[in-house]
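Q: Below are the chains, spelled out letter by letter.
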Amino acid sequence: DIQMTQSPSFLSASVGDRVTITCRTSHSISSYLNWYQQKLGKAPKLLISDASSLQSGVPSRFSGSGSGTDFTLTISSLQPEDFATYYCQQTYSTSYAFGQGTILQIK
Amino acid sequence: QVHLVQSGSEVKKPGSSVKVSCKASGGTFNNYGINWVRQAPGQGLEWVGGIIPIFGTPNYAQKFQGRVTVTADKSTNTVYMDLNSLTSDDTAVYFCARVAVALSPHHAFDIWGQGTMVTVSS
Numbered sequence: 001d002i003q004m005t006q007s008p009s010f011l012s013a014s015v016g017d018r019v020t021i022t023c024r025t026s027h028s029i030s031s032y033l034n035w036y037q038q039k040l041g042k043a044p045k046l047l048i049s050d051a052s053s054l055q056s057g058v059p060s061r062f063s064g065s066g067s068g069t070d071f072t073l074t075i076s077s078l079q080p081e082d083f084a085t086y087y088c089q090q091t092y093s094t095s096y097a098f099g100q101g102t103i104l105q106i107k
Numbered sequence: 108q109v110h111l112v113q114s115g116s117e118v119k120k121p122g123s124s125v126k127v128s129c130k131a132s133g134g135t136f137n138n139y140g141i142n143w144v145r146q147a148p149g150q151g152l153e154w155v156g157g158i159i160p161i162f163g164t165p166n167y168a169q170k171f172q173g174r175v176t177v178t179a180d181k182s183t184n185t186v187y188m189d190l191n192s193l194t195s196d197d198t199a200v201y202f203c204a205r206v207a208v209a210l211s212p213h214h215a216f217d218i219w220g221q222g223t224m225v226t227v228s229s
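In order, the protein sequences belong to chains R and D. Sequential numbering of the first sequence, starting at 1, is according to the numbering used here. Sequential numbering of the second sequence, starting at 108, is according to the numbering used here.
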């Protein structure tokens, strides 16, 4: 199975900050890496698919990059509504592993 | 626009089983994979299993092999997840989610159900 290592687990930041979350996989997954945002009590929301494809309706301050085993999600200028938990997920293997999650908190 | 609507909350005894449904409305159903993802209280996301209805062959996480059954009823656009031998560790919100690209398992989950809380308690 492909193992996912997402970091950091917790991130404290202020409105307007630029933040980066990383996801590393145990085997190369090409670009089959997705990012989700989850708010308390809600279903996850797909932000970015295939490492860098921004979903329709997702603000352009969100971006993704990487391929192979190392990936990043960047939020260029944090807005109040961005404070949530973020997960990466691989879909290269149909074990569909998720990262452990990053809780993004207001400083 | 496709919507996924799940069945309601369940409370089950240890050792029993639970069956959760996920009904698709508003679009094509049979060609898109539907997966089940669970989230225990305060924990992360865990993939359980899934199926592409038109193919009918399910795929399960190794952790749940032998304990979970995912089926699809193409006549009602509904996918079911049946989990047996429940323990308190199975207490979680169970989400169904659709794969974004038809006839392919290697893509993101773009549409999610609202979640079903399953509580296992004696």
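Simulated from the structure, these hints should not be mistaken for lab results. Mixed in with the good hints there might be a few duds.
[Said to hold, decoys possible] Derived SDA-like pairs (lysine to any residue); straight-line CA-CA distance at most 20 Å:
1. D/K170 x R/P59
2. R/K39 x D/V112
3. R/K45 x R/T20
4. D/K120 x D/T226
Quick caveat: nothing in here was measured; it's all calculated off a predicted structure.
Q: Run every hint past the structure and note whether it holds.
A: Comparing the hints with the structure gives:
no.: 1; hint: D/K170 x R/P59; verdict: violated (36 Å)
no.: 2; hint: R/K39 x D/V112; verdict: holds (19 Å)
no.: 3; hint: R/K45 x R/T20; verdict: holds (18 Å)
no.: 4; hint: D/K120 x D/T226; verdict: holds (8 Å)
Hint 1 from the earlier list is the only one contradicted by this structure; the remaining hints agree with it.
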